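Trainee: Top to bottom, those sequences are chains H and A. So the first sequence is numbered by this note's numbering: it starts at -8 and just counts up by one. So the second sequence is numbered by this note's numbering: it starts at -8 and just counts up by one.
Since copy identity is lost for identical chains, a pair holds within one copy or between any two.
With a cut-off of at most 16 Å between alpha-carbon atoms, the simulated EDC-like pairs for lysine to aspartate or glutamate come out as follows:
no., residue 1, residue 2
1, Lys148, Asp279
2, Lys321, Asp339
3, Lys360, Glu310
4, Lys148, Asp128
It is worth saying that the hints were derived from the structure and are not from the lab. These figures come from a predicted structure and were not determined experimentally.
Protein chains: 2
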Amino acid sequence: MTTDIVTSRDSPLDRFIAVIPAGGVGTRLWPLSRAAAPKFLHDLTGSGSTLLRATYDRLEPLAGRGMLVVTGVAHRNAVCSQLPEIGEADLVLESEPKDSGAAIGLAAAILYQRDPEIIMGSFAADQVISPDELFQDAVREAIHTAAAGKIVTIGIKPTHPSTGFGYIRSGENLAIAKAPSAQSVVEFVEKPSEDVAQQYVDSGEYVWNAGMFVAPVSLMLKHLEANQPELFKGLTEIAEAWDTPERDEVTARLWPTLPKIAIDYAVAEPAAAAGDVAVVPGTFRWDDVGDFASVGRLNSAREVDDVTVLGEGARVFTENASGVVVTDTKRVIALIGIKDVVIVDTPDALLVTTMANSQRVKAAVDALKASGDTDVL
Amino acid sequence: MTTDIVTSRDSPLDRFIAVIPAGGVGTRLWPLSRAAAPKFLHDLTGSGSTLLRATYDRLEPLAGRGMLVVTGVAHRNAVCSQLPEIGEADLVLESEPKDSGAAIGLAAAILYQRDPEIIMGSFAADQVISPDELFQDAVREAIHTAAAGKIVTIGIKPTHPSTGFGYIRSGENLAIAKAPSAQSVVEFVEKPSEDVAQQYVDSGEYVWNAGMFVAPVSLMLKHLEANQPELFKGLTEIAEAWDTPERDEVTARLWPTLPKIAIDYAVAEPAAAAGDVAVVPGTFRWDDVGDFASVGRLNSAREVDDVTVLGEGARVFTENASGVVVTDTKRVIALIGIKDVVIVDTPDALLVTTMANSQRVKAAVDALKASGDTDVL
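So here's chain H without its partners, still in its complex pose (with noise of 0.2 Å):
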């Protein structure tokens, strides 16, 4: 379909793309992430980077200026400011959200048109990783392993039977040059219980599936169109006019008839089924920030007493008191003999819960919805 322009490349690792999703609200992580700021565009461990610039550094050794981010709209001029290198040709924007598998998808049949050669890594744009070397050597690994016509996915080794992921279960090393590591991948399997989960941690079989994965565009899209051609037609056909006046007739047209599936189904899951995916385990440490009991877990915050602080202005006081407390107003806030509390505290809007009941945000960001108290979500 295109002239074979890499056949010059020395190593996989020149072939390599960076795609950013950055998408999802993190209704968990209200009142801080909301629509009009979702939580990638957040600063949520009191480095100084957003989730999102953190990202883009942490794989930029790898890909230089190869990164291609896929956001909605609305986040344009966001993500454009906290990224000032990325170009126009560098950005792939939603004019409305269809799940992960039309956004990887569209992103790898993007590649695929300017360069059949390429390896793509996806990373969503919301997760806390450090230290960024052992992420490298990971990825690094899986780009080697990609070359070998694998799907790759980086697995987290568990660091407690968490019930709140999914786990892959890993099998015989592939015995791959530069990526040792490398191992079959037996299957997906869905959160667990916690008993399951203990098991998995035990047998020393299991990683965290953190979404991660590394891939020839091509195969990828082999799989999608294997498992979901209506999406891989439509991706394809948006693809081809990308690079041309025609995107944006093209993509108005066709990405709102696109079916809503999320990549672990529409490739992930089946490759496996068929032999093609492989997984690298990562040493590193991982977290995907999904609540605030997570964020208070985030070890490079402020400690005030036993209260992790985050936010410039905080100016926090406490009193026999535990938790967490996110702001970002530059107001006096005062904990006094209240214990695992997590307070969230914006210019129009203000969450206390326990670390315990974190998880149940959710529940009232769709109360409010509900009640039409959107102004604030």
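Assemble chain A onto chain H, guided by the hints.
Mentor: Relative to the frame of chain H, chain A by itself:
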């Protein structure tokens, strides 16, 4: 000293003037109550009236326009705005706080100068009372008792063995006309332990000291002169100049030199020892709103599930929560899975504590003071 101009009055009720000491920062109600806006200027009950306004309205049927408000110069505008009825002659402004002995003593001395037959009643501006009629019945009995030559406290029938209030031990009935429940006072006792408080309640002989009293101004001054001659002398000199062009000069010279002492020690306790104090038990509901836990008990506030909400613009959402929310912002406040919490939300300061810890708010204020964060105090 003055001519007797009051012999023609039919009832001691006609000689009654109400004094409203409106002072005290209410530190334990920070950040709602603060130096620039103390608690009496707030609506803490959700009634639509501030504590000061409600105090005035409760006394008006007894005193008519015969009222004197004693407050700090800083609160002049707020007080006049909440009580547009009061004139210049009804306002006693303190240039600096000098405790209740000087504040109430000055009111007594000024009233004595205006008319030595006056019976004054002193009622703090920061208490919550209901129903007004039972309160007024008790004050009427107290006025008749005062006319018989007593300093009359109004005691509150205890509803529980509080360790936060002082108690009054009552003696025999005084058999005063139109004051059937007036009794002698055996002694004032300081805040007791819980065991002792329970004995007090069980005995039926004790009432809470609500700090209210009714007395002939001449009798007040007689005891003040006997027990605090220096304070009496200074106050008399100020009072003689009060309704003259010399007021400012004399006050500025003498007020700062006056000793600081509570009216209890300066007058009430020595007068009780001399057998000059009576008590009228009040059966009305009374709360001194000393902390946010007591704010939560005030029953005129709005309930959102199990959360008591105070604040006109409040937009509170709760799920499995209980406690008190006091807000003077219009922010959305969401409480999820947190029990017995106290949240006070103001534009520049936020307090989060528990009902059980609400007495400790003062410690936070002290810590802020020590740290130099006095802008929010």
